[in-house]
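Undergrad: This is what each chain is made of:
Number of protein chains: 2
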Amino acid sequence: MRDVAIVGIGIGKFGSLWEKSFRDLAVEASLDAIKDAGVDHIDSMYVGNFSAGTLIEQEHIAPLVADYLGYRLIPSTRVENACASGSSAFRMGLIEVASGISDVVLVVGAEKMTDIKTSEALYSLSLAADREYEGYQGITFPGLFALVAKRHMFEFGTTRKQLSAVAIKNHKNAYRNPKAQFHQLVNEEDIENSPMIADPLRLYDCSPITDGAAAVILMPLDEAKKLSNLHHPLVKVSGIGQANDTIALAQRDSLVGFAATTEAAKKAYKMSEKKIEDIDVAEIHDCFTIAEICAIEDLGFFPKGKGGEAVEAGLTEIGGKIPINPSGGLKGKGHPVGATGVVQIANIVEQLRGEAGENQVKNAKVGLAQNLGGSGATVVVTILEVV
Amino acid sequence: MRDVAIVGIGIGKFGSLWEKSFRDLAVEASLDAIKDAGVDHIDSMYVGNFSAGTLIEQEHIAPLVADYLGYRLIPSTRVENACASGSSAFRMGLIEVASGISDVVLVVGAEKMTDIKTSEALYSLSLAADREYEGYQGITFPGLFALVAKRHMFEFGTTRKQLSAVAIKNHKNAYRNPKAQFHQLVNEEDIENSPMIADPLRLYDCSPITDGAAAVILMPLDEAKKLSNLHHPLVKVSGIGQANDTIALAQRDSLVGFAATTEAAKKAYKMSEKKIEDIDVAEIHDCFTIAEICAIEDLGFFPKGKGGEAVEAGLTEIGGKIPINPSGGLKGKGHPVGATGVVQIANIVEQLRGEAGENQVKNAKVGLAQNLGGSGATVVVTILEVV
Chain D
0 MRDVAIVGIG
10 IGKFGSLWEK
20 SFRDLAVEAS
30 LDAIKDAGVD
40 HIDSMYVGNF
50 SAGTLIEQEH
60 IAPLVADYLG
70 YRLIPSTRVE
80 NACASGSSAF
90 RMGLIEVASG
100 ISDVVLVVGA
110 EKMTDIKTSE
120 ALYSLSLAAD
130 REYEGYQGIT
140 FPGLFALVAK
150 RHMFEFGTTR
160 KQLSAVAIKN
170 HKNAYRNPKA
180 QFHQLVNEED
190 IENSPMIADP
200 LRLYDCSPIT
210 DGAAAVILMP
220 LDEAKKLSNL
230 HHPLVKVSGI
240 GQANDTIALA
250 QRDSLVGFAA
260 TTEAAKKAYK
270 MSEKKIEDID
280 VAEIHDCFTI
290 AEICAIEDLG
300 FFPKGKGGEA
310 VEAGLTEIGG
320 KIPINPSGGL
330 KGKGHPVGAT
340 GVVQIANIVE
350 QLRGEAGENQ
360 VKNAKVGLAQ
370 NLGGSGATVV
380 VTILEVV
Chain V
0 MRDVAIVGIG
10 IGKFGSLWEK
20 SFRDLAVEAS
30 LDAIKDAGVD
40 HIDSMYVGNF
50 SAGTLIEQEH
60 IAPLVADYLG
70 YRLIPSTRVE
80 NACASGSSAF
90 RMGLIEVASG
100 ISDVVLVVGA
110 EKMTDIKTSE
120 ALYSLSLAAD
130 REYEGYQGIT
140 FPGLFALVAK
150 RHMFEFGTTR
160 KQLSAVAIKN
170 HKNAYRNPKA
180 QFHQLVNEED
190 IENSPMIADP
200 LRLYDCSPIT
210 DGAAAVILMP
220 LDEAKKLSNL
230 HHPLVKVSGI
240 GQANDTIALA
250 QRDSLVGFAA
260 TTEAAKKAYK
270 MSEKKIEDID
280 VAEIHDCFTI
290 AEICAIEDLG
300 FFPKGKGGEA
310 VEAGLTEIGG
320 KIPINPSGGL
330 KGKGHPVGAT
340 GVVQIANIVE
350 QLRGEAGENQ
360 VKNAKVGLAQ
370 NLGGSGATVV
380 VTILEVV
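From first to last, the protein sequence lines are chains D and V. Just so you know, we're using numbering that gives the first Met the number 0 here: the first sequence kicks off at 0 and counts up by one. Just so you know, we're using numbering that gives the first Met the number 0 here: the second sequence kicks off at 0 and counts up by one.
The following block holds chain D by itself, in its conformation from the complex (with noise of 0.2 Å):
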């Protein structure tokens, strides 16, 4: 297998974008993506996508984007495991290029959200769960995530607080990211007096809905250093993992955390030869509080049941023992779901390169994104690392 680096990253606006159509959102992030390697070809592309189908009555939405990107005749594929297909489709481009099958592949994910009724958005959200089994009988994801965060609290005495503090300090991060969907800060008070959505999850504990993409290129290594535009640090993956488990959150061991995140990471380390000490910044699946508290401990910056406390105690700011979420992550930044898993490792190779603004994490060398698809029954973590 071949070295494979990230040469190209384009980062869309997020938000609720009436103006743009699925194929400006995609279009656009692939061009600039392109544009920034400076490549003038691309052999392979994929399109991480969640459900199209649904938001925007659209499947078979690969051709389509490379039709729109200029391209023809070439392979061009939609990958779809729910909130992580873009870190899905993402392993596709990398595993392609590593093969020696293809040299210069794009990956984008891209989302569509905000032209329906939000009834029917969360409608479409709800299909990443069990529909048979969870779905038929009422739950969605604020459910889901309510009961670990009951579970949780419960087991360890997280409390309120800390689970505020995750939105306080992700909204903060969001503030300073030109492209995020919220510029917004909040404080404690604010978050306590927000709907109740799904007890004890509030409204700022959930990400929104979201329109917006993100694109990114794969060369291998080898080549990668030869281009001749390079104007910052190269940046290569130096390991993946993904993993599944349970669709249904019923039918896992324990609720406290989620045992994929935990296996897809242990295969990321592996194939890295990094261990979390090594790993200087991290953008992480928050598409709930609970559910970044869960993956710090998850992944193992933190022991189990001590995420709530080390985010109270600012350990995951900017500055802090492990940046989380510089970006302003899902809670900040906004939800595109097809788009997250890639613009979580588009803002990381930003790290690596020192681009990421008034965000930048100091001497970031080796980054890690997790990205977590429905009640954690697909994880995907990868880890770059600056060559």
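A portion of the hints provided could be inaccurate.
Pairs count within a copy or across copies, as identical chains cannot be separated in the list.
Keeping only pairs whose Cα atoms sit at most 20 Å apart, straight-line, the calculated SDA-like set for lysine to any residue is [said to hold, decoys possible]: (1) K34 to I138; (2) K178 to I115; (3) K305 to A247; (4) K269 to R71; (5) K269 to E56; (6) K265 to S101; (7) K269 to I100.
Everything labelled a hint here was simulated from the structure, so no lab data went into it.
Position chain V against the provided structure of chain D, taking the given hints into account.
TA: Just chain V now, with coordinates in the frame of chain D:
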């Protein structure tokens, strides 16, 4: 890259299977493939599926199938490329094994289409076309392929009788395939008396709505040779090619063929170091009778414009110059969208092993599968051979 073998196949019964759920179909075909291969584990899996979101209100089906198959903590990824979802998923499995990332990979294609109203299934199918420029105008796939048929008739003198010859042959082959949806011989009169769907295409020119699943197990060729339970010739993947084209038919240079088929075949021939003359048997994407005529021309079996004559002359029968769709094809065997690309490959494996029963092509050593998505916006061509 490592050479890759197909060491196991599982082909479910196709039809209106109201007693089985999507999970049942996908799991049963997968278990059959695992049993056929005699492997004791899988490292990774891919699920080819078109539109579970709209057909059965369930996305995130890759970890779901892994879960119901009894696998946890492995990578499981869904691939969607309309009617070419199955072969696109197969390509991913192939690349994953070839790359060295995984040793034993399951690829399963499945679709559950008959649990909703036919009008709703037709709506789902229409999402594989360009929703903004085709679907919203009211055109569906029979209409799009009718345009192709009309133009083919105009340019080359292809006749209504030649279209019928495709349906008669494929129903005849399906009649002898116990897994096929239709076991009903049709003659020219039946076809001429069947309802007009989109002029010139009548009911018997169209593939049906079908429930079904099929699966294959991939392994490195060198490892496959060590399997203890080999009771048949070993089949390896010699070449694969995938290509996209414009999503909308109106934007093509030509309506009388599919450029993506020609390009995908070119890549597959090159990778396999085979010539068209080496192919002994082919499974072709006959979603409509005209599609088979176009495909056998685009692949190079017959000159452009001569496909209809070739079928009428019996050259594509079992025992003819090049047997096309000995399984019965989509027309006779059925077309469970996401399963189709996988079952085509599994059917070719049966032929190369000499296990195709009454539809066996004598001395078949090299076979080809062509799987087409939408109106040709995605095409995958795969070449297999006996080692």
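Undergrad: Between copies, within a copy, both or neither: which fits K269 and E56 at Cα up to 20 Å?
TA: neither (41 Å within a copy, 37 Å between copies)
Undergrad: Is it within a copy, between copies, both, or neither that the alpha carbon of K305 lies no farther than 20 Å from that of A247?
TA: neither (26 Å within a copy, 54 Å between copies)
Undergrad: When no copy is specified for K265 and S101, does a C-alpha distance of 20 Å or less occur within a copy, between copies, both, or neither?
TA: The answer is between: 16 Å across copies meets 20 Å, while 27 Å in one copy does not.
Undergrad: Tell me, please, which holds for K178 and I115 at an alpha-carbon limit of 20 Å: within, between, both or neither?
TA: neither (23 Å within a copy, 41 Å between copies)
Undergrad: Reference check for the pair K269 and R71, CA-CA at most 20 Å: within, between, both, or neither?
TA: Intra 38 Å, inter 19 Å, cutoff 20 Å: inter-copy only.
Undergrad: As a check of your reading, is K269 near I100 (CA-CA no more than 20 Å) within one copy, between copies, both or neither?
TA: between (24 Å within a copy, 13 Å between copies)
Undergrad: Please sort K34 with I138 into within, between, both or neither, judging by C-alpha distance up to 20 Å.
TA: neither (43 Å within a copy, 37 Å between copies)
Of the numbered hints stated above, those contradicted by the structure are hints 1, 2, 3 and 5, listed in ascending order.
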